[in-house]
Amino acid sequence: MLHQFSRNELAIGHDGLDQLKNSTVAVLGIGGVGSFSAEALARSGVGRLVLVDKDDVDITNVNRQIHALLSTVGREKVELMKERIADINPDCEVIALKMFYTEETYEQFFSYGLDYVVDASDTISYKIHLMKQCLERKIPIISSMGAANKMDPTRLRITDISKTSYDPMAKVIRTKLRKDGIHKGIEVVFSDEQPIKIREDIRKEIVPQKAEEGPIR
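If you count by the numbering used here, then the sequence shown holds residues 1312 to 1528, one letter each, in order.
I should point out that these hints are in silico values taken from the structure, not numbers from a laboratory.
All C-beta atoms in this analysis are idealised placements derived from N, C-alpha and C, irrespective of residue type, glycine included.
Hints may contain errors.
Below are the DSS-like pairs computed for lysine-lysine, each with C-alpha atoms no more than 30 Å apart in a straight line [what the hints assert, rightly or not]: (1) K1482 / K1365; (2) K1474 / K1487; (3) K1449 / K1495; (4) K1508 / K1474; (5) K1474 / K1461; (6) K1515 / K1490; (7) K1443 / K1487; (8) K1409 / K1365; (9) K1487 / K1508; (10) K1515 / K1461; (11) K1474 / K1495; (12) K1515 / K1365; (13) K1449 / K1490; (14) K1495 / K1515; (15) K1461 / K1490; (16) K1332 / K1365; (17) K1332 / K1393; (18) K1474 / K1515; (19) K1490 / K1443.
Computed spacing ranges between beta-carbons, pair by pair [to be verified]: (20) L1446 / P1506: 24 to 34 Å; (21) V1483 / P1401: 35 to 45 Å; (22) G1327 / E1511: 42 to 52 Å; (23) I1509 / D1402: 25 to 35 Å; (24) E1418 / L1381: 32 to 42 Å; (25) E1415 / R1318: 39 to 49 Å; (26) L1446 / S1422: 31 to 41 Å; (27) S1473 / D1366: 36 to 46 Å.
Let's have the full structure, built from the sequences with the hints guiding it.
What follows is the structure, encoded as structure tokens:
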């Protein structure tokens, strides 16, 4: 009988689909990268998703985040994703955590028996903490690096953190990891495109308004 994952099953077979159904994947950061990642995982048939983000949808999210619509501005990102996923796969258990990953919350994050972690967060210190914890716990992780002011999707690369280039965030993370004796073993997504210069005239119009609200995510 046909179902929403029939096409997936053709590619990976019954066993592959069962493996996805029995997997728990965490997505940390439900923004431009994380929202699409979470939906793709749901559409792939993953049976349990842990979504972590403390933010609400902001008007500036509408250009790039799958849950961000004019009608959803002000609503919690994790709850919006939970609703979308329920309409894709009602059998998928979604744990929506409105919190940030920190040194105070990480034990709760890891308490769900994670099989894989998608790191789409943007705070470097906590990205590094997460990477170290995943290495220590032997949990596979893929981490998104910086993509701000980059326009060419053909320059995206998936590789080890040690092989990144033209990425200021990755450079900082590499340096800090090396100080702790970690030289490789973290899979990342990054772009080797050189960032374009932002429009200063436009930035000056936007930043004063956003300064009181926090960073643009």
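So, going through the hints one by one against the coordinates:
1. For the hint linking K1482 to K1365, the alpha-carbon distance of about 26 Å falls within 30 Å, and the restraint holds.
2. Between K1474 and K1487 the alpha-carbon distance is near 15 Å, which keeps this suggested pair within the 30 Å criterion.
3. At roughly 14 Å between alpha-carbon atoms, K1449 and K1495 fall within 30 Å of each other, so this suggested pair holds.
4. At most 30 Å may separate the alpha-carbon atoms for a hinted pair to count; K1508 and K1474 meet this at roughly 24 Å.
5. Under the criterion of a C-alpha separation no larger than 30 Å, the hint pairing K1474 with K1461 is consistent with the structure, at around 19 Å.
6. As the CA atoms of K1515 and K1490 are separated by approximately 37 Å, the hinted pair breaks the 30 Å bound.
7. Between K1443 and K1487 the CA atoms are separated by roughly 11 Å; this keeps the pair inside 30 Å, and the hint holds.
8. For a cut-off of 30 Å, the pair hint linking K1409 to K1365 stands: about 4 Å separates their Cα positions.
9. Using a Cα cut-off of 30 Å, the hinted pair K1487 and K1508 holds, with the two alpha carbons roughly 27 Å apart.
10. Taking the CA atoms of K1515 and K1461, the gap is near 20 Å; set against the 30 Å cutoff, the hint holds.
11. Between the alpha carbons of K1474 and K1495 the distance comes to roughly 9 Å, so the proposed pair stays at or under 30 Å and holds.
12. Taken as a hint, the K1515 and K1365 pair is honoured in the structure, with Cα atoms around 27 Å apart against an allowance of 30 Å.
13. Taking the CA atoms of K1449 and K1490, the gap is near 20 Å; set against the 30 Å cutoff, the hint holds.
14. Of the supplied pair hints, the one linking K1495 and K1515 is violated, its CA atoms being roughly 39 Å apart against a limit of 30 Å.
15. Taken as a hint, the K1461 and K1490 pair is honoured in the structure, with Cα atoms around 29 Å apart against an allowance of 30 Å.
16. For the hint linking K1332 to K1365, the alpha-carbon distance of about 27 Å falls within 30 Å, and the restraint holds.
17. The suggested pairing of K1332 with K1393 holds, with an alpha-carbon distance near 17 Å, which does not exceed 30 Å.
18. Among the hinted pairs, K1474 with K1515 is inconsistent with the structure: their alpha-carbon atoms are about 35 Å apart, more than 30 Å.
19. Distance hint between K1490 and K1443 is fulfilled; the C-alpha atoms sit about 12 Å from each other, no more than 30 Å.
20. Between L1446 and P1506 the CB atoms are about 29 Å apart, so this pair conforms to the stated range of 24 to 34 Å.
21. Separated by about 41 Å at the C-beta atoms, V1483 and P1401 satisfy the suggested range of 35 to 45 Å.
22. For the pair G1327 and E1511, the beta carbons lie near 50 Å from each other, so the given range of 42 to 52 Å is met.
23. Roughly 44 Å separates the CB atoms of I1509 and D1402, a value that falls outside the hinted 25 to 35 Å.
24. At about 38 Å, the CB distance of E1418 to L1381 agrees with the hint of 32 to 42 Å.
25. At roughly 42 Å, the beta-carbon separation of E1415 and R1318 lies within the given 39 to 49 Å, and the hint holds.
26. Here the CB-CB span from L1446 to S1422 is close to 18 Å, at odds with the stated 31 to 41 Å.
27. For S1473 and D1366, the hinted distance range of 36 to 46 Å is not satisfied, since their beta carbons lie about 31 Å from each other.
In this structure, the hints that do not hold are numbers 6, 14, 18, 23, 26 and 27, in rising order.
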